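Enquirer: Chain by chain, the residues:
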Amino acid sequence: MSAAPVLELRDLHKSFAETAIIRGVTLEVTRGQRHGLIGPNGAGKSTLFNLISGQFAPTAGDILLNGRSIAGLPPHLVNRRGLARSFQITNLFPRMSVAENLRIAVMGHHGHRFTLFRPVARLNRVRQVVDEHLERLRLQRRRNDMAGDLAYSEQRALEIGMALASEPEILLLDEPTSGMSREESAYVVELIREVTEGKTLLVVEHDMSVVFDLCDYASVLVYGEILASGPPETVRADRRVQEAYLGEEAA
Amino acid sequence: MSTVPTITARQLVLIVLGLAILAALPLVLSPSLVNAAIKMLIAALFALAFSLAMGQAGMLSFGHSAYYGLGAFAALHLMKAVEDHVLAWPTPFVPLVGAAAGLVAGIVFGWFATQRTGVYFAMVTLALAELLFTLAPTWNSLFGGESGISTMRMPSWALSFGNDVHVYYLTLGWVVVSAWCLWAFTRTPMGRLAVAMRENEHRVRFLGFDTHLARTLVFAISAMFTGVAGALLAVANEASNYTIFSAQASANVVLQTFIGGAGTFLGPALGAAVMTFFARVTSDLTRSWLLYQGLIFVLVMLFVPDGIGGLIALHARRLRGAAISRFVVPYLLCAAVGLLITAGVVFGVESVYVLLSDAYVAQRRAAGGAVVPYRLVGWTFDPLSPLTWSLAVVPVLLGGALLPLARARTLLAWDKAIHEAER
Chain A
141 MSAAPVLELR DLHKSFAETA IIRGVTLEVT RGQRHGLIGP NGAGKSTLFN LISGQFAPTA
201 GDILLNGRSI AGLPPHLVNR RGLARSFQIT NLFPRMSVAE NLRIAVMGHH GHRFTLFRPV
261 ARLNRVRQVV DEHLERLRLQ RRRNDMAGDL AYSEQRALEI GMALASEPEI LLLDEPTSGM
321 SREESAYVVE LIREVTEGKT LLVVEHDMSV VFDLCDYASV LVYGEILASG PPETVRADRR
381 VQEAYLGEEA A
Chain B
409 MSTVPTITAR QLVLIVLGLA ILAALPLVLS PSLVNAAIKM LIAALFALAF SLAMGQAGML
469 SFGHSAYYGL GAFAALHLMK AVEDHVLAWP TPFVPLVGAA AGLVAGIVFG WFATQRTGVY
529 FAMVTLALAE LLFTLAPTWN SLFGGESGIS TMRMPSWALS FGNDVHVYYL TLGWVVVSAW
589 CLWAFTRTPM GRLAVAMREN EHRVRFLGFD THLARTLVFA ISAMFTGVAG ALLAVANEAS
649 NYTIFSAQAS ANVVLQTFIG GAGTFLGPAL GAAVMTFFAR VTSDLTRSWL LYQGLIFVLV
709 MLFVPDGIGG LIALHARRLR GAAISRFVVP YLLCAAVGLL ITAGVVFGVE SVYVLLSDAY
769 VAQRRAAGGA VVPYRLVGWT FDPLSPLTWS LAVVPVLLGG ALLPLARART LLAWDKAIHE
829 AER
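Chains as they are written, first to last, in my numbering: chain A, 141 to 391; chain B, 409 to 831.
With the rest of the complex left out, here is chain A (with noise of 0.2 Å):
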């Protein structure tokens, strides 16, 4: 398999002041690969997320996306392109309805970013394209209720709609279980499973058994540095692993 990297790593570093949390990190991410990021709490999963979508710049070393340097651009222009993310926090508008929310994400994609002389109403293509989005993440009956009003497992599913609404070449899912019940996870993970079908994926998780319903590619994040990489099996077999983070667990 030689699959060409969507998402590209390359001896990437982060400090803040003199703490250095990423600590050199190489990894590829290949098409359709649905790659899953796991490692203790204070690994530097989250930084490393917010390095990639633009939240912060790096230190040192690059990120390339589809072999283009995105590294240090700003959040929308590393939207644009082609790289979206969900948040772990849900990150919606919690007054708007459900349809606006995908609305939002789905316009900007369909180049109506500062559209000012036609009414939102009458962008059908818009409004087409957020019917089957709504009917994707089994929201339609909720269309228009406030986001904010939700269930927190639908509002995790609007959360990763908006996400997906760009089209984006690579999807990154920051702990799209957590704080959930068991049946709440099983439900998102079955629909994450569903709406990106053939999609690249980077997944944060702490839970690893999500990683292994979803994922059919790991890395083990440990203070900063990639611990092992490869099918989620060898890697969980991997001595090291055990007692970085397994060994933790069962503590």
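Derived by calculation from the structure, the hints in this document are not laboratory data. Everything numeric in this text was worked out from a predicted model, so none of it was measured. Yeah, the Cβ is synthetic: ideal placement off N, Cα and C, and Gly gets one too. Warning: the hint list may mix true and false statements.
Pulled from the structure, derived: some chain A residues nowhere near chain B, Cβ distances all over 12 Å [stated by the list, open to error]:
| hint | residue |
| --- | --- |
| 1 | 167 |
| 2 | 302 |
| 3 | 382 |
Derived DEER-like restraints, expressed as beta-carbon distance ranges [unchecked claim]:
| hint | chain 1 | residue 1 | chain 2 | residue 2 | range |
| --- | --- | --- | --- | --- | --- |
| 4 | B | 706 | A | 254 | 52 to 60 Å |
| 5 | A | 155 | B | 591 | 45 to 53 Å |
| 6 | A | 379 | B | 520 | 51 to 59 Å |
| 7 | B | 810 | A | 186 | 53 to 61 Å |
| 8 | A | 234 | B | 591 | 20 to 28 Å |
| 9 | A | 254 | B | 520 | 18 to 26 Å |
| 10 | A | 254 | B | 555 | 41 to 49 Å |
Which stretches of chain B does chain A cover? Using the computed rule of at least three CB atoms under 8 Å from a CB of chain A, they are [said to hold, decoys possible]:
| hint | region |
| --- | --- |
| 11 | 597-604 |
| 12 | 610-619 |
| 13 | 654-663 |
Keeping the supplied structure of chain A fixed, place chain B upon it in accordance with the hints.
Expert: Below, chain B without anything else, positioned relative to chain A:
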């Protein structure tokens, strides 16, 4: 809560009716009231433009007097040029230059201010307006120094613009067209984006939008219509000076918007019109009118945080199909409570004001230091008589005693009406 605003048939009828009344007003109003109506319309547009940034996009600007003033001065310079026959420009189109001035200033100032959000944004807007306020009195060529600029409206299109009725219709036309534009804005993708940025700017950035650019644009559009309002004021007054840039003017539009209801579209316009009228009437009657204005603001924020517009929207939304007659008695009771307390407070405040005034101190000195009676609205009162002060205390106590009853009756009426409306 926010959905794309639409107009129902019922609202359309009300709007047409409202416009017809506004158009007919000069036929029935006295000249001084026509002038008051012009100022109310201008204040309404100012508040609508301000709340595009505030209500829609959540940008609380404390320096909107800057764009108001720049619009006014731009209009005055244009009118002066027309007066001096340097330029031929029809008077009805003078506000266009106010719009241009507001837009340009909004882009430049907005680009800086929108780098920050929340309190920091408010501080930057305030500082930029203060900059103009201190600069204007010393900049003679542009702002006419401390005395400001005055000019005259020139006749055009066979209209003299010599009386307030002509100015009224010019103002009304601009205010209606501008209000329509501002309303239409809320329904555009840009307008929806403004709401989304108010809700969660961070998320918007990760959806591919340059939020700094977007916020600058929203701010500039708000400043543009503020400039129109300023130009209309210049046309109406034919003069202006640096005080138009004062922080007081910026604060006024904030207060008016909140009293009117920042969450509704027309609420701020209503608040601005009402408070402008209130200021005009009370400032002639008493020098403590600013105190009353402050009291109204505090009371509205404490008990009706959604403002006048929010109150109207609440009634319209919840009481559809319910018998309005149910509310006659409770609301009359509330009005009586309000009147009693207001009467007591006003009497007390005005009495204290008179007793502390220089004029009264001089009277006492003339009487050899004795406590002399004082006059208030044509009556004479003895400051040492308990009867005098009971005029302040008794109405307040009476109102306070009736308050629980009025409250209970109102709540009961609401309960029944909602029950009825739901059936």
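Enquirer: With reference to the structure, classify each hint as holding or not holding.
Expert: Hints versus structure:
1. 167: Answer for residue 167/A: holds, closest chain B Cβ roughly 21 Å.
2. 302: violated, 7 Å
3. 382: Non-interface label stands for residue 382/A: nearest chain B Cβ at 35 Å, farther than 12 Å.
4. 706/B - 254/A: 52 to 60 Å: violated, 39 Å
5. 155/A - 591/B: 45 to 53 Å: holds, 50 Å
6. 379/A - 520/B: 51 to 59 Å: holds, 57 Å
7. 810/B - 186/A: 53 to 61 Å: The hint (53 to 61 Å, Cβ to Cβ) holds, given that residue 810/B and residue 186/A are roughly 59 Å apart.
8. 234/A - 591/B: 20 to 28 Å: holds, 24 Å
9. 254/A - 520/B: 18 to 26 Å: holds, 20 Å
10. 254/A - 555/B: 41 to 49 Å: holds, 42 Å
11. 597-604: holds (count 7)
12. 610-619: This one holds; 10 residues, not fewer than the three required, reach chain A with a Cβ under 8 Å.
13. 654-663: violated (count 0)
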